[in-house]
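Chemist: Given the coordinates of chain A, work out where chain B should sit on it, guided by the hints.
Below are the chains, spelled out letter by letter.
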Amino acid sequence: MSSALAILASTFALALGLGLAARGRRTMTLQEWSVGSRGFGGVFVFLLMAGEIYTTFTFLGGSGWAYGRGAPAFYILCYGTVAYALSYFLLPAIWRYATERKLLSQADLFASAYESRAVGVLVGLVSVVALVPYLVLQLKGLGIIVSEASYGRVSATAAVWGSSVALMVYVVVSGVRGSAWTAALKDGLILVVAVALGLYFPAHYDGGLHAMFADIAARHPGFLTLPARGQSAWWFASTVVLTALGFYMWPHSFSSTYTARDESVFRKNAIVLPLYQLVLLFVFFAGFAAIARVPGLTGSQADLSLLRLAKMTFGPAMVGLIGAAGLLTALVPGSMLLLSGATVIAQNVIRPMRPALSDHAVGIIARVFVPVIAVVAVVLALSDNAGIVNLLLIAYSLVTQLMPALLCGLARKRWRWPTATGAFCGILAGELMVAWLTGARSNLAHLAPNAPGAVQDLNVGVVALAVNVVVLVSVSLASRARVRTPEPAAVAP
Amino acid sequence: MTPAQRGARGVALAAVLGLILAPFVANRVTPYVFGLPFLLAWIVTSVLLTSVGVGLMYASDARAARAAVGETPGRAAE
Chain A
1 MSSALAILAS TFALALGLGL AARGRRTMTL QEWSVGSRGF GGVFVFLLMA GEIYTTFTFL
61 GGSGWAYGRG APAFYILCYG TVAYALSYFL LPAIWRYATE RKLLSQADLF ASAYESRAVG
121 VLVGLVSVVA LVPYLVLQLK GLGIIVSEAS YGRVSATAAV WGSSVALMVY VVVSGVRGSA
181 WTAALKDGLI LVVAVALGLY FPAHYDGGLH AMFADIAARH PGFLTLPARG QSAWWFASTV
241 VLTALGFYMW PHSFSSTYTA RDESVFRKNA IVLPLYQLVL LFVFFAGFAA IARVPGLTGS
301 QADLSLLRLA KMTFGPAMVG LIGAAGLLTA LVPGSMLLLS GATVIAQNVI RPMRPALSDH
361 AVGIIARVFV PVIAVVAVVL ALSDNAGIVN LLLIAYSLVT QLMPALLCGL ARKRWRWPTA
421 TGAFCGILAG ELMVAWLTGA RSNLAHLAPN APGAVQDLNV GVVALAVNVV VLVSVSLASR
481 ARVRTPEPAA VAP
Chain B
1 MTPAQRGARG VALAAVLGLI LAPFVANRVT PYVFGLPFLL AWIVTSVLLT SVGVGLMYAS
61 DARAARAAVG ETPGRAAE
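Residue numbers (the working numbering), protein chains in the order written: chain A, 1 to 493; chain B, 1 to 78.
Bound conformation, chain A alone (with noise of 0.2 Å):
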């Protein structure tokens, strides 16, 4: 047991070591901190991209759900591989835009599209209060895993604040190169363990995949293929083209997106990240293994499968391995939502009340929230706060809803339709549509209880991103009219 922690601690410390070096001999400026003074070449800039799969969430997550869901986790597999096949045309506008204008943040990007500090408030805030849940779900995960891997050695509690000081001393004084330079170590690891796991835990206790799967097929008839109704195939389209667009829109994304020397980056990189995705089969065998070795585990406990099944094959040193990948899991994405979030409150919500601040005071501001930002995340952690759970739930609807206004925004040199109002608005009213529905637990088959089966499948998502695109577009065509300021002359094409 002592094997585990040793590594465990070890793989602590190369982290923060990792973390702290990536910084050299640079002076920090708040465009080297927070975007690596956009001279990042395709190797680090596809390992902050990829950085962003394997969160504690598809480690835990993508095994817990192949555990106790079956078929319905394949979703997983395939909205990232639809959000790659975007990003080749979607990427590289983005970097354009942003780097002709030297941007920072996502929030930077709509208001400067929409010429609108209010819109970029908006965004800005929106934003924040997606990604503390999500750091708030990696840090969770992270005491989850590191006080199994150590046999209870470390609680969870212990594990949450060391890595979250840990995690606020290199983003503090490395930036976002902290993130990429651990995030090479995390992958490599990552990658080796759940290769490992996915290809050793079906053919020890089955003899083969196709036995693991026949036996899991012959017990529990319907498991690896979608239900009717519920999680059907209904659902599943629906919830992999919202999870997709929704994809793009983490203010962490665009930070990494920032930092590229060069947008070809972005089209190479969607060639190698679904391939690279497919790591995820690896995690989903895991959990199917483990269905029928440690059975019982329900809920949520679902997403200890992989750990148990872990512990009960092999002694400490591989568990105390497997613990470290999932701790970097943790870490990685940690510290880009760490960073970027930092960024937007000094440069988007702060720096709009104080323009008259310098480029060097928002990056002293951007840091000092860093550890504020961290403080906040590993108390609502550690609290169990049924709050939380919901606000989790609807981070990714969150950020989705910025999808349609981005596009307006990126197309207004050619669509001259879109109005600052009309995003603000459209905005907004996704937001609400979202927080409403989700208050009420609220899906398609309660709002339309006499609708066909299909429609009652469909991602209630779908709702909140259709009235936000209705509102964009009324509101943007109204305003307009009522604006009617005189044109410039047509510009020949």
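No lab work stands behind these hints, which were simulated from the structure alone.
Note that this is a predicted model, so its numbers are computed, not measured.
For glycine and all other residues, C-beta sits at the position ideal for the given N, C-alpha and C.
Treat the hints with care, as some may be off.
What follows is a list of derived Cβ distance ranges for each label pair [said to hold, decoys possible]:
{"hint": "1", "chain 1": "B", "residue 1": "Arg6", "chain 2": "A", "residue 2": "Thr29", "range": "43 to 51 Å"}
{"hint": "2", "chain 1": "B", "residue 1": "Val25", "chain 2": "A", "residue 2": "Ile364", "range": "52 to 60 Å"}
{"hint": "3", "chain 1": "A", "residue 1": "Tyr151", "chain 2": "B", "residue 2": "Ala4", "range": "56 to 64 Å"}
{"hint": "4", "chain 1": "A", "residue 1": "Ala211", "chain 2": "B", "residue 2": "Ala4", "range": "37 to 45 Å"}
{"hint": "5", "chain 1": "B", "residue 1": "Val25", "chain 2": "A", "residue 2": "Ser155", "range": "45 to 53 Å"}
{"hint": "6", "chain 1": "A", "residue 1": "Arg480", "chain 2": "B", "residue 2": "Ala59", "range": "40 to 48 Å"}
{"hint": "7", "chain 1": "A", "residue 1": "Trp417", "chain 2": "B", "residue 2": "Met1", "range": "24 to 32 Å"}
{"hint": "8", "chain 1": "A", "residue 1": "Asp262", "chain 2": "B", "residue 2": "Ala4", "range": "17 to 25 Å"}
{"hint": "9", "chain 1": "B", "residue 1": "Arg6", "chain 2": "A", "residue 2": "Ala448", "range": "34 to 42 Å"}
Modeler: Relative to the frame of chain A, chain B by itself:
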């Protein structure tokens, strides 16, 4: 857009539709493919095809860009 660019976009689009619509067309356990239940095998194949489609887009776009620069040498700097 050249025929190669159009073809590449077609492959990528087919792959993406294969993912989104997977349970409508492949919601079954048998036949197993390389030990995977059919639905999962279908999804894995679509993921691979997405990568191929995006790779073809990359290659054909790069070629078209080079051709455009070659045809109008004076405008390459624009």
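Chemist: If a hint holds in the structure, say so; if it doesn't, say that too.
Modeler: Verification of the supplied hints:
Between Arg6(B) and Thr29(A) the CB atoms are about 45 Å apart, so this pair conforms to the stated range of 43 to 51 Å. For Val25(B) paired with Ile364(A), a C-beta distance near 56 Å keeps the hint of 52 to 60 Å intact. A hinted range of 56 to 64 Å for the beta carbons of Tyr151(A) and Ala4(B) is consistent with their spacing of about 58 Å. For Ala211(A) and Ala4(B), the Cβ-Cβ distance of about 44 Å falls inside the hinted range of 37 to 45 Å, so the restraint holds.
Between Val25(B) and Ser155(A) the beta carbon distance is about 49 Å. The supplied range of 45 to 53 Å therefore holds. Distance hint check: the CB atoms of Arg480(A) and Ala59(B) are about 42 Å apart, consistent with the given range 40 to 48 Å. Checked against the hint of 24 to 32 Å, the C-beta distance between Trp417(A) and Met1(B) comes to roughly 26 Å, which is consistent with it. Against the hinted window of 17 to 25 Å, the Cβ-Cβ separation of Asp262(A) and Ala4(B) comes to about 23 Å, which satisfies the hint.
For Arg6(B) and Ala448(A), the Cβ-Cβ distance of about 40 Å falls inside the hinted range of 34 to 42 Å, so the restraint holds.
In this structure, every one of the numbered hints holds.
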